[in-house]
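> First to last, the sequence lines map onto chains A and B.
For the first sequence, my numbering begins at 1 and goes up steadily by one.
For the second sequence, my numbering begins at 165 and goes up steadily by one.
Check before you lean on any hint, since a few could be wrong.
[Claimed, not checked] Restricting the straight-line Cα-Cα distance to at most 20 Å, the calculated cross-link-like pairs of lysine-lysine (PhoX-like) are: (1) A:Lys46 x B:Lys788; (2) B:Lys466 x A:Lys36; (3) B:Lys575 x B:Lys597; (4) B:Lys810 x B:Lys466; (5) B:Lys200 x B:Lys245.
[Claimed, not checked] Residues from chain B that keep clear of chain A, each with C-beta distances beyond 12 Å, as calculated: (6) Asn457; (7) Leu488; (8) Arg513; (9) Val731; (10) Gly809; (11) Asp818.
Since the hints were made in silico from the structure, they are not lab data.
Even glycine gets a Cβ: it sits at the ideal position worked out from N, Cα and C.
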Amino acid sequence: MAKEVQSQFQEEQQLVVFRLGSEEYGVDILQVQEIKRMLDITRVPKAPGFIEGVINLRGQIIPVLDLRRRFGFPAAERTPDSRIIVVNIGDLVIGLIVDTVLEVISLPKEAISPAPALVTGINNDFLAGIGDLGERLLIILNLEKILAVDELGDLQEFGQQLEE
Amino acid sequence: MLDKSQYLQQFVEETREYLENLNNILLQWERQPEDKGMVQEVFRIAHTIKGMAATMELEEITILSHHLENLLDHVRQGKIKAEGSFFDLLLASVDALASLVQGLERGSTPGKEEIAPLLARLQGFGSGQARSSGKEGEQALSLSFNEYEKKVMARAREEGFEVFQINVWLQPDCLLKRARVYVILRSLEQLGEIIKTVPTVEDLEEEKFTDHFTVVLICRAGEEAIRKTMEGLAEIERYELLALAEPAAPAASSRSPAAEGSSGTKKKTKDKDRMSARQTVRVGIDRLDQLMNLVGELVITKTRLEQLLALHTGSEIEEALKGLGRISSTLQDVVMQARMVPVAQVFNRFPRMIRDMAKELGKEINLVISGEETELDRRVIDELADPLVHIIRNAVDHGLEDTAARVAAGKPPQGRLDLLAYYEGNSVVIEVKDDGRGISLEKLKEAALKGGFITPAEAETMGEEETLNLIFAPGFSTASQVSSISGRGVGLDAVRAKIESLNGTIDVETELGVGTVFRIKIPLTLAIIQALLINLGPEVYALPLERVEEIRRAEEVAIKSIQGKEVITIRGEVIPLVHLREILEVAGEAEGRGEDFLVIVQTEQQRLALLVDDLVGQKEIVIKPLGRLLTRISLWAGATILGDGKVALILDTDYLLSGSNVGREVS
């Protein structure tokens, strides 16, 4: 019994599905900490352009990133459907602003194909793969790459300098 | 299995502490290898580790500490002499134990083969040296004091006397031992008061002893005087002089005994105070963080309550609010104190590091540590370790000369490195001071010119301090050769960045041929500050109040222009004007200009007049980190959560100047 459950887990990936513009995207549910309605966002002057600002998440200050801006899409009005997906990547907690969160799905591993040179409008590096949902296609994101900004590289360098 | 993992973290932490302690005791022992008390101490710790590891079924650690224990037992029995390579082996074993413990934390299980070479050395050492064992009957007489003697000693210490234990070995061919003892005791009595001898004075007078005895002396004369006296006496084969450190008092100070030993003075470490059951509880730093956050929230809520109730002025409400204020500020203090740990925690690692470096570089270095009981926030101490390592490495590698160069320069052959900590106002200062060759300003300028950090014109006009500050420039290096220890042209800028991220400052003083001092200043309390909240359009920002000098209505002050830059004049002083709205790119135009305020702030370099839309007021705010992604933006010292739950950023006024932000051109 336990074995069956385990193998089932291994063959499926659970994804949080959200929408940006007309496309649907997925992120690994294991990286998602929580999904919040829009909160007050405080602008951070001098921050990299795609950082929308910071929010107060139960007393913790969390940076928020506008995925539209990160992907170079035109900006959109916030609507009551707008959400902040709070994700954990490594030891980084960050909020991602999306147009709307649709559902959580389990996708068999074989329904996910490696990122093709497909016209998705976003940088291929950001893709972890494409999910086949029958009539729909799901763009599965590689969050590490999306957050791999220059600032992060600098920080690691800084740590190394100190070690030396 | 579940049981074990539950205790593993505790085991790791405790063993770490033991190992750190062991390291320090070994270093001290190496300096005074005759001290038999040290063997006991080291043996006891090895034994404790073995016991704990066995309980946890950690085979490698058990075996290694068991072998260590065996070796130490040989020393106890006088079969092996504690000298030279013996200490290298012991220190290597401690390193091996430390890395085994570290492995545990990472979840890796080391193979026995990894420690096999070391085990072989430990065993081999025992049998190899056993033949050259020391003389029989040389074991130090163990001393124990009765209550009365302890009291006498405690009183004496209070009054500024020191307590010494003097172990004396008479020459075996000494004829009139009784007379000799009499002379020795009389001579010592000239210096102070003898409170005890082993054997007793009666036994000594009746010659009821072989050829050695022990005297406990209370005096003010100091070690040197005793040595002088002892060396002036005949028929003494040898003697040992030990300063008896304070026994673990009930009101045990936080002073770490291990660190005390490392301060270069010859004190006997009696590390009893950690062993005796103290009334303490081990609490994870994350829990303290949580507590700290909650106290922060409490302060915020209190502030908010004050805002809400400002309209309802009633004496009862006011009184209750005041009470709440008192309680929350006391609570805040208590929580802060709970997080404070002595800097000894980071200082402790340096004696070993410096010993190893000195050996590698062939230098003689006397490390003098003081003020290690000075306390700082635990988080800060953790953060300080790396910068300090860096500075100390620099000092040992570049600052201190080797013995030949020192002698040639007419200096004592042994280099001196001071590591000291002390309180200064609301800050803690940590100094790393060497008596080495100092930093040549000329060479600094040369290197800066070569590296393109400054122009020849700048080099001409640069003052001393400015020149010295070049060493903190990113990528700057003067090291003519790269060694394995330091000098790769990276570092001091990173050190400064780190210190500044802790709200601290670092500066350096140097004198050619005399030495260099690095001085790090860190605020005692980091988490909560008084701030001035200001408005720019709809946005709220916080300015640390300690930087605010005065506030003026903008309409009262005339804005002039000097060399095309906007300035104001207050009491004759010309102060650059900063349009904060522009620097922070606040959307829209300020309306109703007459209402604007000028906030005069002191920055590291100069005064600035910040033009702001409005003042919100003075508040106690909790500083929260902006997180890794944003800490690189030096303009922000952090953020805080306001009474309404919104986030306000805290301006670091020192960085307003970076970039051409000041005094916009008057068009």
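> Now look at each hint and say whether the structure bears it out.
Hint by hint, here is what the structure shows:
1. A:Lys46 x B:Lys788: holds (18 Å)
2. B:Lys466 x A:Lys36: violated (27 Å)
3. B:Lys575 x B:Lys597: holds (16 Å)
4. B:Lys810 x B:Lys466: Judged against 20 Å, a Cα distance of about 16 Å means the pair holds.
5. B:Lys200 x B:Lys245: With Cα atoms ~11 Å apart, B:Lys200 and B:Lys245 stay inside 20 Å; holds.
6. Asn457: Nearest chain A Cβ is 6 Å from B:Asn457, so the label is violated.
7. Leu488: It holds; B:Leu488 is separated from chain A by about 19 Å at its closest Cβ, greater than 12 Å.
8. Arg513: holds (15 Å)
9. Val731: holds (24 Å)
10. Gly809: Violated, since 6 Å does not exceed 12 Å.
11. Asp818: Consistent with the label, B:Asp818 stays out of reach of chain A, its closest Cβ about 14 Å off (over 12 Å).
When held up to the earlier numbered hints, the structure conflicts with 2, 6 and 10 and fits the remainder.
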